[in-house]
Amino acid sequence: MITTKDIRFSYGKGTSFQFPNIVASKGDSLLITGGSGKGKTTLLHILGGLLKPESGDVLIDETNLSSLSDRKLDHFRGKNIGLVLQQAYFVASLSVLENVVLASWLATGHQAAEKAKQLLEQLDLKDHLHKLPSQLSIGQQQRVSIARALINEPKLLLADEPTSSLDDENAYKVADMLSGLAKQFGTALVIVTHDQRLKDRFPNQITLS
Amino acid sequence: MITKIAWKNIWFKPLNTILSIILLTASVAIITLLILLQDQFEKKFNDNIDGIDMVLGAQGSPLQLILSSVYQVDAPTGNIDYAEAKQWMNHRFVETAIPLAFGDNYHGFRIVGTTPEYLTKYGAELSEGKVFEHNFDVVVGSAVAQKMNIKVGDKFFGSHGDSEEGEVHEDHAYIVTGIASHTGKVVDNLILCNIPSVWAMHDHEHEHNHDEEGTTEAHNHDDHNHDHHDHEATEEMHNDEGHAAAEEAHHHDDDHDHDHHAEEAHAHDHVDVPVSEEGKEITAVLLKFKSKMAIVTWPRLIPQNTKMQGALPAIEINRLFTLFGIGLDALQYLAYGIMLISGISIFIALFNTLKERKYEFALLRVNGASRLQLLMLVLIESLLLCVTGYIFGTIVGRLALSLISGSSESEFKISFNPLEFVWEKEGYLFLLTIFVGVLAAVIPAVKAYGLNISKTLANA
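Chains as they are written, first to last, in the working numbering: chain A, 1 to 209; chain B, 210 to 669.
Among the clues, some could well be false.
[Unchecked claim] Just a few of them, taken from the derived set where beta-carbon distance is under 8 Å, the chain A residues facing chain B: (1) L94; (2) L106; (3) K199.
[Said to hold, decoys possible] Far from chain A, by Cβ distances over 10 Å, these chain B residues were calculated: (4) L573; (5) Y637; (6) I662.
In case anyone wonders, no lab produced these hints; they're calculated from the structure.
Heads up, the beta-carbon is just placed ideally off N, CA and C, and yes, glycines get one too.
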């Protein structure tokens, strides 16, 4: 469950954004669209606690992100917010499985190896557990990053252009997985995109202008 | 976990890592080697001069006198008259005086004529048998006994002079009566007998090999370094004065190509033939004083009144260390230079990968890692390199030392123990290595600490 109230943000004096209020409940999917320069990524970073808004509040369940200290915010983010980016990044020296396990360790202090395996198997990556991320295709990498975003069963799953670098087949696959898993884990899903294929797929949309 | 990631990260770029480790290993190895060498060298040298205030010997280089008569490494400066030396040995300032007479060797191990006090002075006890009493009785140092596999009751022939190739005195066999305990000092590598043995061995020789002796006499007088022949030559002056110089003169062969007359070896029963001390010579005397006054005055007094000199081991060894020290210092600077370079290499490696790794770092932050954890990650990577380099360096340094020890043992009879640790200095070296690691990592680590995640990810 995520709700926002009157978020404003500006980069210096030139560009400033005022974002519409957002509500997404457990298991819901929300698509945020809009042209370039409309602040899609900025909004996503604010929702994920990577940027602090100038004013306004982001509430995830009962927690107001702006009330958290830096260290607590890092911790909260690890535990409650999953992030899937346009391009998947990994700790290049760790295997696929280790990357996912690492996310669970960073957030909780426990290494959820079994759960990571299950999740990766569900995402059709059973044969790639011990490969290095760089050995996978881009579609596979994107799925690994989904697994990593979900390993801690976050309350909020944020996806930034998750399909833009994928072909149709993979794009739909990823879209299905995201919404399916969000339901399975009871996670609110917010996708930021300008991908037409996703606009057709998710009915619940907000357009930034 | 952070350490595990750090470990995997450093091996993800093996070439960078290996370069850094090799550089660190090299510098740590050199420094460790120097630390151990210096420490053990000084200890070895100082152990051996313990209880020797002055060495009385023939004039020449004092350092040479010390090296030859205390450490048994160099050639002696020459011989001194026993009667003359005795005046000083019996002086009231003197607490103990141990005479030394060099003559022969057995497979490169020196046979030294002395008194049983010599053993006591080096703290050597007899692990087997008893001390030498009669002429040609010998006590064998522990290292000699072990290497040559000598047992009590064995007999052997000595070769003349310092080198193994010297002429073999086949007419008198030495009989092993005792084996000394291990001391870690020069005595381990010596074969000891009483002084009359040395005299008798060479007296006897004159009867057979007289012509040959002549060659060395002439040769010896203007070249004191050639101890090989020193004592017999000088001895001869006293014992064989009756011989015509002309007879000796025609037998000059300076390259020591001895014709072996030893076939004439006689069977001897070892009844001590009393050897008169009259006009006999010895090589040096190790003196310990009751009154330290003598240390100050004798070095001037002795050469003024006699043809001898009194050398102070402490001063000469200090001089030797100073000479060595310049070389050691230069090596040490080199090693620190290499360490600096390895620090720079680590810095460059970390700094370069920082650019490609900033997404990785941003991602770790997204996944809940704190700034401090990123700082630690970079720091630990650097420290892992340093610790690995230090461990390898310590091992390599010790391997090098054992190699050096092997060759120094065969050449100078000085061995080093590679398993010894000089905790203090090596501890400092470890801290220095860690410091280099921290220094190299500081800038990259702070950069990782201050990374702006949002900006990094947005610009991707």
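Hints and how they fare:
1. Interface hint at L94 of chain A: satisfied, since its Cβ lies 6 Å from the closest Cβ of chain B, which is below the 8 Å cut-off.
2. The closest approach between the C-beta of L106 of chain A and any C-beta of chain B is roughly 4 Å, which is under the 8 Å cut-off, so the hint is satisfied.
3. Against a cut-off of 8 Å between C-beta atoms, the interface hint on K199 of chain A is violated, since the closest Cβ of chain B lies about 22 Å away.
4. A beta-carbon of chain A comes within 10 Å of the beta-carbon of L573 of chain B; the shortest separation is about 7 Å.
5. Every CB of chain A lies more than 10 Å from the CB of Y637 of chain B, the least distance being 33 Å, so the non-interface label holds.
6. The Cβ of I662 of chain B sits about 5 Å from the closest Cβ of chain A, inside the 10 Å cut-off, so the non-interface label is violated.
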